[in-house]
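Enquirer: Sequence:
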Amino acid sequence: MLGVTGLEPRLPAMTCAVVLTEPEKKTLQQLSRNHDRRDLRIRSAGVLLLGEGRTVPDVASELEVSDKSVYKWAHAWNDRGLCGLLTGHKGGRPRALSDTLIATAVEGARAESMTLRQIALRVEEAHGKPLPCRLEMLSVAHGREGFPYKRGRYSLKKKRDEQEFAVKADTLSKLQQATRDGACRLIYFDQSGFSASPPVQRGWSPIGEPYRVFSQPHCKRSVPGAFDFGANLLRHEASKATIKRPAVVQFLEQIAQEDPPGLMTVVVLDNASIHHNIDQEMIDRWFVEHRMVLFYLPPYSPELNLSKSYESMPSTTGDVSPPGRRKPSMLRSGSCSPVIDQNLKSVSPEHLKND
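For the sequence shown, UniProt numbering begins at 1 and goes up steadily by one.
These are computed hints drawn from the structure, not numbers from a lab.
Everything numeric in this text was worked out from a predicted model, so none of it was measured.
Take these hints with a grain of salt, some might be off.
Unchecked claim - In silico DSS-like pairs for lysine-lysine, Cα to Cα no more than 27 Å straight-line:
no., residue 1, residue 2
1, K240, K220
2, K26, K72
3, K25, K72
4, K159, K174
5, K25, K68
6, K68, K26
7, K220, K244
Claimed, not checked - Simulated restraints on C-beta separations:
no., residue 1, residue 2, range
8, E303, D181, 21 to 29 Å
9, S173, E258, 20 to 28 Å
10, S195, R110, 34 to 42 Å
11, E303, I274, 17 to 25 Å
12, E112, M137, 17 to 25 Å
13, R80, E303, 51 to 59 Å
14, Q29, F214, 55 to 63 Å
By construction, the Cβ of each residue, glycine as well, lies at the ideal position given by its N, Cα and C atoms.
Take these sequences, add in the hints, and give me the full structure.
Expert: So this is what it looks like as structure tokens:
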């Protein structure tokens, strides 16, 4: 056989020996038709053609790939079988965003809330060169690193006086310890509202003909509740009317009437307006007759009121503690009212010593 010029002998087309069994042929046929990755479909089809005795140039021409790729598929199949074909893409240009650039971008996103343009400017400033990709690619890189694009949230914690919060937290922790030792009774009071109207559910419906649900009148209930820290009991009352200050005073009066003999009762309340401006004569009478004082939490500290942890529970009486014992780390504090500041010494002197 002569070559191109007709003088030198032309080499025959090279073949790669690929021997396929019947199960292997069926497997490769299914992969070449149904696999979700295009590169694996092409590799499977190439190995099938080689198994039929086709030459490498013929297979490369039919699949529109290079001869080198077909040789690699044949060697991979002969060496490792199907696992040799199940490899990722190993070609193409290097990544535009290197690990160093991604680390700088992620560090900026973790430091503060910024747009993609602001993050790109920070990366360019840190490395002294322009960003080598589009902003969309930078967005994809942030998503892979676990930084989704989300709207910021308003925070109320900065409005809280942290110094006052820490001082009062120490005071309440000592009151909680006194309650465990049986030196006083600690009550957490709060109120909440519940509505029995269910949400409108989603469902499959014809286009342009959504299912219509008849609206039902709301059945709302206001529920004031008191959580006894020492007894681990939740007491509540349901009311159709909106809770106002007279209802709060009446509920606190019932708590005062249940005062244990010889123990002070400390009632913890949050900063709601209906909890304040209670008649001073009423507060004095509660202390003189029932040894009950009010303990106000600081503003913007709902996590300190343990009764809020039970607002989402069913309205049942009895033990409502979650599985397991209460941990001391869950017990925090709030700020004292002037009444408790004046009469706190009557609880127990040893429980109020500085650590």
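Enquirer: K159 and K174: Cα distance at most 27 Å?
Expert: holds, 25 Å
Enquirer: Between K240 and K220, is the straight-line Cα distance small enough, at 27 Å or below?
Expert: Judged against 27 Å, a Cα distance of about 7 Å means the pair holds.
Enquirer: Need the status of pair K220, K244: alpha-carbon distance at most 27 Å?
Expert: Answer holds: K220 to K244 is near 15 Å, not above 27 Å.
Enquirer: Lying within 20 to 28 Å: is that true of the beta-carbon distance S173 to E258?
Expert: Since the Cβ atoms of S173 and E258 sit about 25 Å apart, the hinted range of 20 to 28 Å holds.
Enquirer: Need the status of pair K25, K72: alpha-carbon distance at most 27 Å?
Expert: OK: K25 and K72 at ~19 Å, within 27 Å.
Enquirer: If I claimed the Cβ atoms of E112 and M137 lie 17 to 25 Å apart, would that claim hold in this structure?
Expert: holds, 22 Å
Enquirer: Would you mind confirming whether the straight-line C-alpha gap from K25 to K68 stays at or under 27 Å?
Expert: Roughly 23 Å separates the two Cα atoms, so the pair holds.
Enquirer: Looking only at beta-carbon atoms, does the pair Q29, F214 fall within the given range of 55 to 63 Å?
Expert: holds, 57 Å
Enquirer: Quickly compare the C-alpha distance for K68 and K26 to 27 Å and report which way the hint goes.
Expert: holds, 25 Å
Enquirer: Starting from the range 21 to 29 Å, see whether the pair E303 and D181 falls in it by beta-carbon distance.
Expert: The hint (21 to 29 Å, Cβ to Cβ) holds, given that E303 and D181 are roughly 25 Å apart.
Enquirer: Within 34 to 42 Å or not, the Cβ separation of S195 and R110?
Expert: Check passed, 40 Å falls within 34 to 42 Å.
Enquirer: For a C-alpha distance cap of 27 Å, please report whether K26 and K72 respect it.
Expert: holds, 21 Å
Hint compliance for this structure: every hint is met.
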